[in-house]
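Visitor: Sequence:
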Amino acid sequence: MNAPKEPKVKPPAIDAYDCTSDPDVHLLAYRHHMYVQGTTDATWCKYFPSTLKGVASKWFEKLPLGTINTYAELEMLFSARFMAYKEEKKTSMHLGRIPQGKDESLRSYVRRFNLESGQIPDLPDGVAFDNFFRGLKKGSFKFDLVKKSVRTMANALDEAESFIHATKICSVPKESKGTETTDHPQRKEKSDKKTRRPNGTWAIEKKGYQANQSQGQKRGRPYDKERFEYNTDLYTILLDVSDRYEIDRPFPMKSPVETRDSSLYCKFHCDVGHEKKDCKSLRRALDGLAAKGFLKSYLSSSTGGSGKKFYKKSKSPSYRRDDNDTDPEIVAVISGGLAAGGPTMRGQKDYASRLGQVMLSGKAPMDHFPKVEICESNRGKIATPHDDPLVIELKVVNLKVRRILVDTGSLSDIISTACLNRLEHDPKTIEKIYYPIIGFGGGIIHPQGIITLPLRVGGRHQSKNLNVRFLIVKDLTAYNIIPGRPTLNQAKAVVVTHLMLMKYVCDKGQVGTIHGDQQLARDCYLTTVNPEAWGKTDEARTSSKRKLDKIEEKVKKETFTIATAHMEARRPEPVGGHYEIILDETRPDRTVPVGVSPDC
87 MNAPKEPKVK PPAIDAYDCT SDPDVHLLAY RHHMYVQGTT DATWCKYFPS
137 TLKGVASKWF EKLPLGTINT YAELEMLFSA RFMAYKEEKK TSMHLGRIPQ
187 GKDESLRSYV RRFNLESGQI PDLPDGVAFD NFFRGLKKGS FKFDLVKKSV
237 RTMANALDEA ESFIHATKIC SVPKESKGTE TTDHPQRKEK SDKKTRRPNG
287 TWAIEKKGYQ ANQSQGQKRG RPYDKERFEY NTDLYTILLD VSDRYEIDRP
337 FPMKSPVETR DSSLYCKFHC DVGHEKKDCK SLRRALDGLA AKGFLKSYLS
387 SSTGGSGKKF YKKSKSPSYR RDDNDTDPEI VAVISGGLAA GGPTMRGQKD
437 YASRLGQVML SGKAPMDHFP KVEICESNRG KIATPHDDPL VIELKVVNLK
487 VRRILVDTGS LSDIISTACL NRLEHDPKTI EKIYYPIIGF GGGIIHPQGI
537 ITLPLRVGGR HQSKNLNVRF LIVKDLTAYN IIPGRPTLNQ AKAVVVTHLM
587 LMKYVCDKGQ VGTIHGDQQL ARDCYLTTVN PEAWGKTDEA RTSSKRKLDK
637 IEEKVKKETF TIATAHMEAR RPEPVGGHYE IILDETRPDR TVPVGVSPDC
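Under this note's numbering, residues 87 to 686 are what the sequence shown spells out, in order.
Heads up, some of the hints might be wrong.
As the list claims (entries may be wrong) - With a cut-off of at most 30 Å between alpha-carbon atoms, the simulated BS3-like pairs for lysine-lysine come out as follows: (1) K176 to K139; (2) K254 to K233; (3) K578 to K594; (4) K139 to K594.
In case anyone wonders, no lab produced these hints; they're calculated from the structure.
Using the sequences provided together with the hints, build the complete structure.
Guide: In structure tokens:
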């Protein structure tokens with residue numbers, strides 16, 4: 087430990103070991119870091135205690151002086167001391183327990199097999215291929231491996247990738263059968279049993295009830311049993327809601343025109359044969375809307391519960407809506423950006439693949455999270471009850487930045503252009519961005535770029551240092567920065583809006599606390615609701631006010647000029663001259679002029 091410190095040696099940037107994981111994994115991570123440094127054996131031993139904490143750090147402090155002479159001895163002592171925490175070493179026998187499921191896809195089986203085989207050290211390629219082949223279920227892929235005489239695991243994975251790609255390309259969508267026969271009216275009606283008409287309402291309901299009826303039942307019978315009762319004529323309801331909801335025109339009548347009653351005319355079909363009040367297609371269309379809760383004002387009070395009963399009996403996915411849901415739109419959060427794999431399809435697939443590996447293996451990577459306690463003693467100077475957001479202050483680059491809104495609903499970390507211009511940064515490091523982010527209610531915002539900035543949560547003694555990739559947005563109204571879920575998850579933050587505080591895990595492992603500013607939060611709210619803060623003031627009103635101010639100022643000037651001229655016109659001029667009279671002998675400079683008559 088007394089060896090001189092070598093220059094340009096960076097401290098190991100790895101997670102500290104606290105006796106909760108495999109010690110061999112920690113040693114491997116430490117070796118990979120120190121190999122790059124190219125240092126001596128003494129430096130390896132000197133920097134190793136900085137990667138320990140908790141019980142492991144106390145163990146190292148209790149070692150007698152002179153116990154360790156080389157780094158190899160240190161590794162041996164460390165591995166032996168924490169042997170109980172080592173994970174079970176898997177062997178090739180574990181691969182024999184990974185057969186492909188009956189309904190499991192080839193992609194899923196390959197991922198599961200690679201995950202298990204990667205945990206077996208020094209696994210021979212022949213043993214891996216033999217277990218992989220035995221686990222495959224009978225099928226064309228297994229037949230192709232035998233036919234092509236594949237003998238290595240690398241070739242087997244290449245064949246699997248080609249087979250998966252070919253299967254995906256050659257798979258025919260289910261909707262293609264219905265779309266090929268939509269020209270003929272009778273064929274269209276038959277194909278509707280297999281595919282849903284675009285933007286159709288009653289066509290969706292028809293698919294829902296056909297999924298629940300037996301093969302021997304006739305069309306429309308479920309609607310006869312679960313029919314809604316309306317307080318208005320059906321065609322009147324159709325005219326009222328046609329501009330709000332998409333309702334496709336019905337299929338033409340199949341019966342010949344000669345056999346229909348020409349005295350009856352249906353305005354929904356635009357054809358003869360029956361009246362609109364007896365039109366089953368119209369009733370199906372309206373019943374579909376009523377089942378979703380869109381026609382509550384048109385239902386009679388005596389049958390208010392029938393719609394709910396009908397809604398529960400259907401198993402179609404189109405019925406899975408709340409009875410009180412009357413608005414087809416949704417209120418969303420800030421989405422898009424760099425989180426969750428980013429906007430690219432490749433990134434999203436990799437993000438989902440990592441989650442799939444955790445689900446298949448049944449265990450997630452170790453991620454230490456300390457015990458967090460929140461109670462009344464954590465309350466700061468907060469006036470309750472309140473509905474204020476959590477607005478905090480953080481240090482970004484070289485400055486402390488206020489007006490930072492903690493938003494757990496945002497998928498991106500956002501910074502305003504005005505705030506970025508005041509921070510030290512290199513404009514060349516700003517990356518271009520070609521995709522938008524989605525705001526509340528579906529609004530689209532186009533960021534100006536991406537920049538990575540250092541950010542510190544908390545003070546110096548309870549600090550959490552992060553490197554955050556911000557999306558640069560031109561206008562954020564009242565806020566300078568909006569940290570989203572990526573930063574909050576990285577800091578392992580726990581947000582409590584009632585107490586206006588945020589708990590987070592510091593760099594040293596303890597739990598830190600940062601309180602929000604209630605007064606600043608309310609100031610930000612008032613700035614947000616003020617139209618001038620958004621730059622949305624009425625230009626016409628502003629122009630009119632400006633003109634009125636100019637006219638008023640001009641009138642005041644003219645009035646003052648007229649009044650001054652009138653006063654000067656009434657003032658008499660002395661005829662015989664005047665002389666000065668001193669008012670105070672002590673102040674001879676204070677005089678008053680007095681006129682003199684010409685007769686004096």
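Visitor: Checking against the hints above, which ones are violated?
Guide: none
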